[in-house]
Amino acid sequence: EAGVAQSPRYKIIEKRQSVAFWCNPISGHATLYWYQQILGQGPKLLIQFQNNGVVDDSQLPKDRFSAERLKGVDSTLKIQPAKLEDSAVYLCASSFGEQLFFGSGTQLSVL
Amino acid sequence: KQEVTQIPAALSVPEGENLVLNCSFTDSAIYNLQWFRQDPGKGLTSLLLIQSSQREQTSGRLNASLDKSSGRSTLYIAASQPGDSATYLCAAQGNQFYFGTGTSLTVIP
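Going down the list, the protein sequences come from chains W and D.
When we follow the working numbering, the leftmost residue of the first sequence carries the number 1, and every step to the right adds one.
When we follow the working numbering, the leftmost residue of the second sequence carries the number 1001, and every step to the right adds one.
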């Protein structure tokens, strides 16, 4: 069974630039999550999708972050414009039932 | 809001030692408690899931316990090996998954 795929693995940008991350969940997993993990901290939920719909985006900074899930499968997370404090690992996860499966993440450095 | 705390933040032990990692949470109204492992530069891998109605789960050398009433969970690792070196995170599932900050484990050969 293929795991959760994420790209790119690394991204370096300057502040005020835009960036996008892509995630392909495990086939058949209806629920998809985007997490932000700052160095030394646990993952923080940004947004949760159930199929095409948003279940929880209460912690998504909507003035600069946006996310969509196309046809209930792939998802993209965008930051525009980026700030220095956005430097973190962005993790995508999917679930079927209660168990979470994570991708390897995208490490973002904002200079 | 659920707060999840893990102590210690870092732990270094000699190979072969048994060890316990601690996780505490403030809201006992959870569906389950999961333990994850994270290797450097990688995502999280689920190790054990304990349902709210269960007291413990075992997988190989790993044993996790859950005491909802006291808001605590422990992960016991028997006969530690250098390959166990990683960061271990717990997550309490309520309306979302709430993660602790993790315990960084180093097993010295």
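Note that these hints are calculated values from the structure, not bench results.
Among the hints, erroneous ones may be present.
[Claimed, not checked] Simulated restraints on C-beta separations: (1) 39(W) <-> 1014(D): 22 to 32 Å; (2) 56(W) <-> 1026(D): 33 to 43 Å; (3) 97(W) <-> 1101(D): 20 to 30 Å; (4) 18(W) <-> 1017(D): 27 to 37 Å; (5) 1026(D) <-> 54(W): 22 to 32 Å; (6) 1018(D) <-> 64(W): 19 to 29 Å.
[As the list claims (entries may be wrong)] Under the rule of at most 25 Å between Cα atoms (straight-line distance), these lysine to aspartate or glutamate pairs were calculated in the DMTMM-like manner: (7) 44(W) <-> 1027(D); (8) 1068(D) <-> 74(W); (9) 1042(D) <-> 86(W); (10) 44(W) <-> 1003(D); (11) 1001(D) <-> 74(W); (12) 1001(D) <-> 57(W); (13) 1001(D) <-> 14(W).
No residue lacks a Cβ here, since even glycine has one placed at the ideal position from N, Cα and C.
Each hint tested on the structure:
no.: 1; hint: 39(W) <-> 1014(D): 22 to 32 Å; in the structure: 28 Å, holds
no.: 2; hint: 56(W) <-> 1026(D): 33 to 43 Å; in the structure: 19 Å, violated
no.: 3; hint: 97(W) <-> 1101(D): 20 to 30 Å; in the structure: 26 Å, holds
no.: 4; hint: 18(W) <-> 1017(D): 27 to 37 Å; in the structure: 48 Å, violated
no.: 5; hint: 1026(D) <-> 54(W): 22 to 32 Å; in the structure: 27 Å, holds
no.: 6; hint: 1018(D) <-> 64(W): 19 to 29 Å; in the structure: 47 Å, violated
no.: 7; hint: 44(W) <-> 1027(D); in the structure: 17 Å, holds
no.: 8; hint: 1068(D) <-> 74(W); in the structure: 36 Å, violated
no.: 9; hint: 1042(D) <-> 86(W); in the structure: 19 Å, holds
no.: 10; hint: 44(W) <-> 1003(D); in the structure: 12 Å, holds
no.: 11; hint: 1001(D) <-> 74(W); in the structure: 30 Å, violated
no.: 12; hint: 1001(D) <-> 57(W); in the structure: 15 Å, holds
no.: 13; hint: 1001(D) <-> 14(W); in the structure: 34 Å, violated
When held up to the earlier numbered hints, the structure conflicts with 2, 4, 6, 8, 11, 13 and fits the remainder.
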